[in-house]
Each structure stands twice: as C-alpha cells, then as structure tokens.
Amino acid sequence: MEQFAPVRRSKDGQPVRYLVVDDSVFARKNLARMIETFGGQLAGEAGDGMTAITEYERTHPDIVLMDITMPQMEGIEAAEKIVRSHPEARIVMVSSVGYQENIVAALQGGARHFVQKPVKPEVLYEVIKYVLGEDGTVAHAAGAGV
Amino acid sequence: MKMELIQPFINAADAVLAQELESPTSIGSLTMEEEAYRRKGVAALVWVTGDIEGRIIFDLDPGTAGRIAAHFSGTEVPESDELVREAVCEMANQTIGNAITALNDQGFHFRVHPPVLHTADHGPRGSEDTEALVICFETIAGNVFMNIALRYNRRRQGERAAVAGE
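Sequences listed follow chains W and P, in order.
Sequential numbering of the first sequence, starting at 881, is according to the numbering used here.
Sequential numbering of the second sequence, starting at 1325, is according to the numbering used here.
The set of hints was computed from the structure by calculation and includes no laboratory data.
Among the hints, erroneous ones may be present.
[To be verified] Simulated coverage check for chain W against chain P, where a stretch passes if three residues somewhere in it have a Cβ under 8 Å from a Cβ of chain P: (1) 895-905; (2) 908-914; (3) 946-954; (4) 970-979.
[As the list claims (entries may be wrong)] Computed footprint of chain W on chain P, listed as stretches where at least three residues anywhere in the stretch have a Cβ under 8 Å from a Cβ of chain W: (5) 1335-1346; (6) 1403-1413; (7) 1417-1431.
All residues carry an ideal CB built from backbone N, CA and C; glycine is no exception.
Excised from the complex, chain W in its bound form:
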C-alpha cells in the first residue's frame, strides 16, 4: 500500500489518533492499514454504534471513521449522540451507501465529511487533512510518497 506523508497533530506533533467503527472486521482492518500509511495511530475499534459511543468516551480520538449500516445502532445515530456530548468530535462517515439523503442526514447529524466505499486511500487522506484543518500538520518525512 502506498505510503503518505505523515499527518500529525499540530498541538504536540504526535500521530493523529483514530477510532474505527464498522461491523465488518475486514473493513476495520483495511481502514487500520490505511491509517498506518497516513502515519496515524489506531485508538480503538467498534463494531456497532453503541460500542462506538463508549469507545469514544474511553479513547477521545482525534478522528472517528464511522460506517452507516450496522447492527444495534446505525452510524448516523451514533454520530449524533457523540457530537451532542462532544461538539468538537470530528466524524467522517465511511459507507458504501452514498445517496444524497444519507449524506445530508449524516452531515446534519454532525459528521464533518462523507467518503464512499470502496475507499480510495488518496481520497481518505485528503479528507483527513481537510477535516483536521489547522489542527493537523503534514510532516514531510524522507521517502514519503505524497
């Protein structure tokens, strides 16, 4: 997998910490591998919306990558609940179902962005940089691909 110039937290230069929420173990592993290529760190994982909320409280990640269609509690509802308690939460919805109503509902629920599956690493990388804004810095490491 392509290596990207690491994205760090501006405040302390530490790796960006991610919470990955998806009911598919396979999808979580894939996203975790992408995060690694962005120089990020996996703070936690969850397989449904309920667990995502408790994992958010436990790990306080910099970014949440959240699937939509999940058992127990779907991603949009989980995102709403997280943002209600933590308005600063940065949640990126990652779903194969990308029709307009879904995207609008996710953004109205407090998500910052939407990425459609199958995820292209270069697209997710750009979205992460955009969502972090000034709170993220691209470290131009030697040998970085992008």
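Since the structure of chain W is provided, determine the placement of chain P on it from the hints.
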C-alpha cells in the same frame, strides 16, 4: 425481473471488483436460474426491503474467495480464515451499497440489511415473481457469481401510484 433493476448491480459489481483488484473484469455469462440455488463456495447474502425487495447472493469458490481477500487486504489470507468470509461480505456490502445509491438517485427507496454468510448448500427456488438472475464476473482472481432475485414491492408501487394520482 426488469433489467433496469439489475443494471445498477452489474455496474456496481464491475466497478467494485475492478477497483479492489486493480484489473478490469468481464461478464462471462448471464443466466436465469430455474432450479433451486446451490451454493458454490463462500457466499454472502444481502436482503433488500423497500420499493424493491428481494435478495442478492455473492458466491465464490474457496480459492477465488481467498485470492480476492488477499487482493482486498493486500496480504496473504489462508482460505479457511474468517477474514476470507468477511472479505466476501464486505465485497457484497460495497457492491450493493453502490447499486442502491444509483437506484435511490432514480427515486427508489430501500433499506439494505447487513450482509450475512449464506451457509446452507441450497436455497429456495425462484418463482415467477422472484426469478433469479445469475451473473458471472470473470476476474483475475477467478469467477465471482452474483445471484439476484428482486421484485417491485406491489404494495409500495400501489401507494406511489395513489399519491401520483391525487
């Protein structure tokens, strides 16, 4: 079964497989399944409810499933591994999600249920209403079979017609 319902699924499967395998795919065959469904290997089943209802099954022989999982994950995966089954489910999820997105933009509304592994060797035979279409995608990893049985939800169609007639 109307081709207008099927085409978005064919387009989506083609796009997802081509992107994940980084290689073009082609349609090897397209057949109506008259007999009861017989599982070929690792199979993922997704139910769709709403304006259109039915089910879609992705079915791959174990070797193909292993090679696709390896492509998707960028690492070797043993054929028996749970990740292989997860990869087939995720492939189904991505394909159906993309197809539903296209159909939703045409005005159809659905609920997609999370994919489940189809473990039974046989499935119910299609009826006139829910005849199954089997599409074989030839990929560099092997053949991927997509078995689709969908129909318009008549009750929802009636409701839509009534609203339109008001």
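Hint by hint, here is what the structure shows:
no. : hint      : in the structure
1   : 895-905   : holds (count 3)
2   : 908-914   : holds (count 3)
3   : 946-954   : holds (count 3)
4   : 970-979   : holds (count 5)
5   : 1335-1346 : holds (count 3)
6   : 1403-1413 : holds (count 5)
7   : 1417-1431 : holds (count 10)
Hint violations for this structure: none, all hints satisfied.
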